[in-house]
Structure formats: C-alpha cells, structure tokens
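Here is how the chains run, residue by residue.
2 protein chains.
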Amino acid sequence: MYEWRNIIKSIILAGGSGTRLWPLSREKYPKQFLKLNEKSLFQDTVSRCLEISDINEIYVVTNESQKFFVIGQIEELGYEIPKENILLEPVAKNTLPAITYGMHLIKKRFGNDFVGIFSSDHILDKSAMQTIKNAEALASEYLLTFGIVPTSPHTGYGYIKPADPIGMAFKVLEFKEKPDIYDAKKYIKEGFLWNSGMFLFETTVFFEELEKYAPDISTAFRNYETIEEIYEKIPYISIDYGIIEKSSKVAVIKLAERWSDLGNFSALYNEFDKDENNNVIHNCEEEIINSYGNLIHSKTGKIVSLIDVNDMIVVDTMDALLICPKSSSQKVKDVASSLKDKNDERAQLHQTAYRPWGSYTILENSEGHKIKNIVVLPQKKLSLQLHHHRSEHWVVVKGMARVQVDEEQYFLRQGESTFIRAGIKHRLTNPGKVPLEIIEVQLGDYVEEDDIVRFDDDYGRE
Amino acid sequence: MYEWRNIIKSIILAGGSGTRLWPLSREKYPKQFLKLNEKSLFQDTVSRCLEISDINEIYVVTNESQKFFVIGQIEELGYEIPKENILLEPVAKNTLPAITYGMHLIKKRFGNDFVGIFSSDHILDKSAMQTIKNAEALASEYLLTFGIVPTSPHTGYGYIKPADPIGMAFKVLEFKEKPDIYDAKKYIKEGFLWNSGMFLFETTVFFEELEKYAPDISTAFRNYETIEEIYEKIPYISIDYGIIEKSSKVAVIKLAERWSDLGNFSALYNEFDKDENNNVIHNCEEEIINSYGNLIHSKTGKIVSLIDVNDMIVVDTMDALLICPKSSSQKVKDVASSLKDKNDERAQLHQTAYRPWGSYTILENSEGHKIKNIVVLPQKKLSLQLHHHRSEHWVVVKGMARVQVDEEQYFLRQGESTFIRAGIKHRLTNPGKVPLEIIEVQLGDYVEEDDIVRFDDDYGRE
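Going down the list, the protein sequences come from chains A and B. Per the working numbering: the first sequence = residues 1 to 462. Per the working numbering: the second sequence = residues 1 to 462.
Among the hints, a few may not be true.
You can't tell identical chains apart in this list, so a pair holds if it fits in one copy or across any two.
List time: in silico PhoX-like cross-link candidates among lysine-lysine, alpha-carbon distance up to 20 angstroms [claimed, not checked]:
id	residue 1	residue 2
1	Lys28	Lys302
2	Lys302	Lys249
3	Lys340	Lys302
Everything labelled a hint here was simulated from the structure, so no lab data went into it.
Whole structure, please, built from the sequences with the hints as guidance.
Shown next, in the form of structure tokens:
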C-alpha cells in the first residue's frame with residue numbers, strides 16, 4: 001500500500017509497572033493497558049506502529065503477567081501478533097536491556113534492519129509517524145532520538161539541546177535531567193526539546209555503539225543462550241544513561257506533534273475533555289456544587305458529590321479512594337510504594353482481575369466466603385481445576401455455560417445453577433457467541449486464589 | 001432508687017429525616033439512628049431519659065418507617081418499651097404537632113403530669129438531667145426551655161436572651177434566629193444562650209398555652225379520634241413559632257453542659273477524637289500524606305488515601321461519595337434535596353436496608369439480576385411471599401435456614417443452596433441461635449423491591 005511499508009520494524013516497550021496513576025493503575029495492571037478512552041494507550045501505540053510496520057514486524061517487550069493484556073488488546077484491534085514477537089523479560093532491568101532484547105532478536109532473524117522504539121504509555125499524534133518514517137535514511141549513520149517541541153516549561157520531562165542541523169535532524173549539544181521550573185523556563189527560551197524516549201535505530205549502528213558503551217550487555221547477549229541467563233548477567237540501566245548520553249553518533253529529530261507521557265493525574269486531566277466547569281468526569285454520576293477544575297474518575301457506579309472543591313484529583317475504585325490536589329499528583333507513587341512496602345495487594349491488583357479467558361470481580365470477601373462476578377469470553381474456557389478448601393456455587397446470570405464436574409458434562413442456561421464440592425475436578429466453558437456471566441459463591445475455611453490445582457489449561461498454567 | 005423517679009415523663013422526638021449528614025444519613029435512616037460510636041444518638045437520648053423516667057414513662061414520637069429502629073435500638077440497650085408508648089405520626093408536621101401528640105396521650109392517661117421533651121439527635125452530657133429534674137417545681141407556672149451557655153459564636157443555632165431570674169430560671173427577653181457571625185459574637189458578649197430545643201412542661205400549663213396560641217391544634221386533638229384525622233386538620237409548625245416565642249409564661253434554664261445538635265459534618269468533626277494530625281478517621285484503613293484536620297468516614301472497607309488535603313470532609317459509602325471542605329458542611333443538605341428532587345433513591349436509603357427481621361445489602365444491581373447479602377436475626381422470619389418476575393437462588397454462608405417453598409419445608413445448612421422459581425410462595429426463617437447469612441441471586445426481567453406479594457407477615461405488612 002505504501003512503498004515504505006515493511007522497511008521499518010517497531011519495538012514497543014510494554015513492561016512498565018504502574019504506580020503513578022494508582023489506584024487506577026496497579027503494579028500488575030499498568031497504565032498502558034487502562035482503558036481511559038475506548039482504546040488503551042498500548043492499543044493506540046500499536047495503531048501508530050501499524051503506520052510504519054506490518055503487525056508481523058511489531059515486537060512487544062513485556063513480562064509474563066502482562067502477556068495476556070498484550071495478546072488480548074491486539075486481538076481487540078482486529079490483529080493477531082505472532083507469538084514469537086512477544087518478548088518476555090524475566091525481570092525488569094530498565095530500557096537498555098529491553099531494547100537490546102528486541103534489537104538482538106531482529107538482528108538474529110533479519111540481519112541489518114531499521115527499528116523504531118516506542119513507549120506504550122505515551123500519547124502522540126499519529127502524524128508523527130510520517131516524520132519518523134522519513135528519518136530512516138539518517139539512521140544508517142546516527143542513533144536517532146526524537147525531541148518534542150515544548151508547549152510549556154514542564155518539570156516532569158528531560159530536555160535535549162539541539163545543535164547544528166544534519167539533514168532533517170540536529171546534532172545534540174546536551175541532555176538535561178528533569179529541571180526545576182526556573183531551569184525549565186530557561187531551556188524553553190533556549191530552544192531545548194522534550195526528551196520523548198522514542199528512537200529510530202539501524203541494528204548495525206546500535207550494536208556498534210552498544211559494544212562501545214555497554215560491552216557487558218553486548219557480551220551477555222552474544223554469549224548466553226536463554227534470556228534468563230542473559231538477564232542475570234546484565235545491569236539495570238536506561239538507554240539514556242547507557243548509550244544515548246554518551247555516544248557521539250546521536251542526533252535528534254524535532255516533532256511538533258501533541259505528546260504527553262501521562263506521567264501523573266495532572267497530565268491526565270490536561271489531556272481529557274472538560275465540562276463547562278472545567279471538570280473532567282469519567283464513568284460516574286455526579287452531584288457537583290460550585291466545584292471547578294477537578295478530575296473525577298469513579299469505577300464503582302456510585303454517585304460522587306463535590307461541594308466547593310477545586311483543582312482536585314478524585315479517583316474511586318472498588319478497593320481504594322485517592323484524593324489529592326492536582327498539584328500533588330506526583331506524590332501518588334509514594335502511596336503505591338508505601339502499600340507495596342506493606343505487602344498490601346492493593347498495590348498490585350484490582351478487585352477486578354483480568355485473565356486470558358475473561359475477568360472476575362470480587363463483590364464480597366468475608367471470612368469463610370467470597371462472592372465473584374465472573375465473565376467468560378465467547379469460546380473461552382477456564383482450566384480444569386480443583387480446590388481443596390472451598391466449594392463453589394455457580395448461578396448463570398447471562399449467556400450459556402458448559403460445566404464439567406468430574407467426568408460429567410452439562411449445560412447451564414440463564415437462571416440455572418450448580419454446586420461443586422471441594423476436592424472435585426471441574427471446568428467452566430463458554431460455548432456461546434456472547435459473554436457468559438456467572439455469580440460464584442465460594443464457601444470454605446480458606447477462600448484465597450492460591451487454593452487451586454490445575455490439570456489442563458489452554459494458557460499453559462498447569 | 002432516686003426519690004424523684006416516676007415524677008417526670010419523657011417525650012423523645014425521633015421522627016426527623018436525615019439530610020445534613022448525607023450520605024451517612026438518609027431520609028429513611030436519619031442521623032439519630034446512625035451508630036457513629038458504639039451507641040446511636042437515639043440510644044444516648046434514651047439512656048439520658050432513663051435518668052429521670054422509667055422505661056414505661058418514655059414516649060417516642062416517630063413514624064412507621066423508623067419504628068423498627070426505635071424498638072430494636074431500645075432492645076439493644078436491654079430495655080423493652082411498651083408498644084403503646086411509640087407514637088407514629090402519619091406525616092411529619094414539625095415539632096408542635098409531635099409534642100402535642102405525646103402530651104395529649106400522657107394527659108389522657110395520667111391527667112396532670114410533668115414531661116421533659118428531648119430531641120433524639122443531639123449530644124448532651126448526662127449531668128444536665130439533674131438540672132432538668134430540679135426544674136420541676138417551676139414547671140407548674142412556666143413553660144420551661146433550656147438554654148446552653150455558648151462556647152463559641154455558632155451561626156447554626158438560635159439564641160435566647162435571658163432576663164430577670166425566677167428561682168433557678170430566667171425570664172426570656174427575646175428569641176433570635178440563626179445569626180450571622182457578627183451578631184453571634186454580639187449575642188455571646190451580651191449573655192445570650194443557645195436554644196437547645198429541650199423543654200420541661202406540665203400538661204396543664206402546656207394545653208392552656210396551646211389553646212391560647214395554637215387553638216386549631218388544640219381543637220383538632222380534642223375533636224377527632226384518629227391521629228390521621230387530627231394530622232389532616234393541623235398545620236406544619238414548630239413549637240418555637242407556635243407557642244414558645246409568643247407565650248408570656250416562658251422561662252429559660254441555663255445548662256453549662258457540653259451540647260451539640262451535630263447539625264453537619266463539621267460539628268461531627270468537632271465532637272470526635274482526633275489523631276496526631278487532627279484527622280478524625282472512622283472505619284477505614286488510610287494512607288495519608290501531609291494532610292491535616294480532615295474527617296474521613298468510609299463504610300466500604302477500602303483504603304482511603306489523602307495527599308496534601310486539609311480540613312476536608314470525605315464520606316464514602318457503598319453508593320455515594322461526598323467530598324467538601326469542613327466550612328461547606330452546611331451545603332450537604334442541598335445535595336440530598338437535589339437527589340430527592342430527582343427521585344434518586346440514594347436520597348432515601350443505603351445499599352444496606354434494615355428490616356424488622358434483620359438487614360440486606362445490595363452487592364450488585366445489574367439489568368436482569370441483583371445480588372444481596374441477607375442477614376436474618378435469630379428466631380426471626382421474613383414474610384410468606386412470592387415474586388412474579390424473578391427467581392431466587394439462596395446459598396447459606398453462615399448459620400442455618402428453614403425454607404418453606406409452596407407447602408414443602410426443609411432446612412439448609414452452611415454451604416447448601418436452594419432455588420425458588422418465580423410465582424412460587426416461599427418463606428425464609430432463621431430457626432437458630434446465631435444470625436443467618438445468605439447470598440441471594442435474583443434473576444428476572446424485573447428485579448425491583450416492589451415485585452412482592454406478601455401472604456403472612458410477623459410485622460403486619462401483608
């Protein structure tokens with residue numbers, strides 16, 4: 001369709017854990033997979049990459065616990081990504097190892113090639129992809145980074161100072177860490193750009209520079225077979241520290257498009273449509289009196305009432321409520337890490353958990369019983385399993401279920417129910433064309449998720 | 001025990017509907033019955049009245065929908081109030097009709113008598129009851145009202161200006177409506193008292209003055225038989241407007257005790273214990289950073305996180321979230337009335353509804369199904385009933401249930417379940433000694449509370 005298709009490959013970095021948008025995002029449900037709009041930021045990123053790469057040329061670096069988001073959300077876009085293009089990091093070691101993992105695989109498969117590197121949790125206008133594509137010729141000589149023309153003296157971004165032009169790019173005079181507001185204003189006057197964390201590399205140039213500035217990583221990828229071995233040997237390091245700020249071959253290309261890393265709730269507020277009182281209201285009924293400039297996001301179906309409240313963030317989920325001024329958005333990650341330090345599972349997961357076969361939401365969790373609303377996607381099935389400590393009652397509230405209990409199989413229609421005794425093998429399948437919804441009442445002396453023995457599983461979890 | 005026992009009777013006004021502490025209180029669950037501490041304000045009021053009256057001498061004016069709170073909460077105190085002492089107003093007509101209803105009944109039964117009148121939703125130190133008791137002698141000549149020695153220039157209370165002393169009381173120079181802060185300060189300098197809304201009356205004096213200043217009410221109570229007829233004839237009017245501010249027989253007695261009408265969340269904040277950051281935190285886990293002077297009340301079991309938030313009210317219930325500065329507490333009633341205007345049932349009720357037999361909490365309410373956690377108190381039973389539009393699945397999670405379905409009776413133990421088809425008569429009983437807890441899954445094209453036909457009911461609702 002376009003002559004330049006099939007020329008540039010894409011690596012999407014989708015392994016980040018989410019703490020800065022807690023309690024919307026969780027460690028195991030990071031912001032790139034949140035459906036803040038109809039599509040997630042990850043899905044938007046995939047759509048952008050499809051402007052320069054075929055789906056078979058897109059590589060996603062992520063981890064085991066987020067693999068199902070990656071597959072599922074690409075499926076929702078109507079595409080199927082080859083399984084071998086999903087690269088699972090055994091442990092997060094920042095951007096340089098993740099990018100090298102993708103570059104290494106592409107080089108092994110295809111030899112020399114051009115590769116765009118994209119974060120999965122940024123907002124970017126699609127038109128930027130044309131510029132990135134046009135930069136290809138320069139990538140044979142330079143490690144190309146992309147700098148956004150700033151629209152404000154933002155203190156949450158790194159800055160790049162461009163120097164002499166080289167074709168459509170510029171040499172880089174210096175990189176600056178996140179500045180204070182005074183320096184940020186100075187940078188803007190002096191023509192600095194925001195460091196976007198997007199790159200365009202040729203494999204050959206990349207590995208030459210990697211060998212020069214991070215030989216330990218280069219060596220590990222050459223000498224070890226499994227990704228587990230490699231990741232054991234290499235340091236935790238960003239591509240900026242590791243290569244970009246050191247290499248003399250770096251050039252920057254200006255992008256004038258709308259871009260944001262949505263790094264906190266204040267950035268989220270800025271990106272969304274406001275009502276006539278400058279409030280951003282997501283997902284909830286509200287009863288608001290004399291309140292302006294707030295971000296209100298509720299996932300609980302409850303009514304939210306604000307009176308005389310201005311410039312606040314209010315995020316209400318089933319298990320957590322966050323309230324802070326927009327100007328304190330950057331402190332939200334402190335709450336998430338405090339919870340993590342206490343081993344509080346609300347740092348990691350929501351009441352709603354996503355599974356390869358669908359999702360479940362915990363409606364009530366008390367001593368001796370737990371009640372879940374379970375949604376099974378059409379044609380999907382849960383593993384064949386048993387629980388030692390709990391029995392389960394299932395009532396079908398929507399769709400049709402095929403139930404296997406021991407060797408017996410039967411169907412349940414809307415309004416029908418069944419009972420599964422502790423210690424009995426069972427399996428739930430949605431044989432239909434519409435989502436199956438059941439209410440599960442678990443009863444037993446122990447009703448935690450880890451009381452499960454899996455015998456057969458479509459998703460390799462047995 | 002005390003020589004003065006059995007001399008003074010008490011009327012407790014407990015018919016108010018709660019909007020000023022929404023969403024904690026609701027129209028059908030007003031603040032006097034909330035368990036803000038271990039005891040409700042109503043229970044505290046009953047305990048105070050027991051200082052001057054036997055339980056048989058306490059009269060409670062309330063309405064049908066709150067009758068079960070009155071009986072239940074007095075039972076919890078270990079007392080049984082005679083059923084004929086609970087007076088049900090067919091419609092709320094403010095304090096003068098309610099007080100006259102009680103006074104009328106006492107006069108009819110006992111002739112002349114002394115009666116203390118008490119709101120059920122105020123905080124008051126018990127020691128005040130001694131003063132009230134001591135005032136009895138004066139009540140043969142005066143309508144006695146009680147004025148609180150002010151501790152601040154409160155703009156939410158009415159004020160009374162005392163004049164010359166008459167024994168332990170004072171003549172009243174004038175009554176003042178809720179003032180602005182300027183006038184409030186002036187009143188305090190001039191020795192005004194807060195109008196507490198408590199009274200001590202002799203029936204004879206009360207009815208003489210009623211005849212003089214509100215003859216329509218006096219006449220209605222004399223001439224009509226049923227309370228419904230009487231309430232149809234009489235106006236909506238407070239005792240202050242109707243009698244107290246007009247009668248020349250009014251005297252005020254000073255009380256120096258701690259008193260508050262808990263008229264809004266700010267008052268609630270003032271009355272409760274603060275932590276080291278001056279936060280009042282009720283019922284919830286919190287993760288609070290740099291936040292001071294807040295009232296946080298959550299009934300949802302979730303974690304509440306505040307960052308850099310000061311002097312705010314945060315009230316989180318299953319179906320509503322309220323956020324406002326303490327200084328805007330008085331606007332909360334506007335939200336409740338706005339909801340009421342929209343016929344939103346969250347103005348009236350909680351997700352948890354209290355019934356004579358126990359309570360239920362709605363866990364999920366979706367199109368076509370509703371899930372409830374139902375608690376049946378020991379030895380209590382629901383009505384014999386049927387639903388046209390919904391079937392019900394019951395799973396016992398605690399205790400034992402006796403189930404009647406059509407003519408059949410059987411028992412369900414913990415972990416057992418049953419299914420009740422639409423159109424079938426059924427009844428649920430707790431035959432045991434501990435509360436019975438069941439999960440009910442309702443399924444049908446219509447799952448609202450009004451799809452119920454009652455055949456037999458312990459509580460006269462058939």
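First find the shortest C-alpha distance between Lys340 and Lys302 inside one copy, then the shortest across copies, and answer within, between, both or neither for a cut-off of 20 angstroms. between (27 angstroms within a copy, 16 angstroms between copies)
Given identical chains, is Lys302 near Lys249, meaning Cα to Cα at most 20 angstroms, within a copy, between copies, both, or neither? Answer is neither; intra-copy 55 angstroms and inter-copy 52 angstroms both fail.
From the Cα coordinates, with 20 angstroms as the cut-off, is the pair Lys28 and Lys302 best called within, between, both, or neither? Close across copies (19 angstroms), not inside one copy (25 angstroms); limit 20 angstroms.
The structure shown violates just one earlier hint, number 2.
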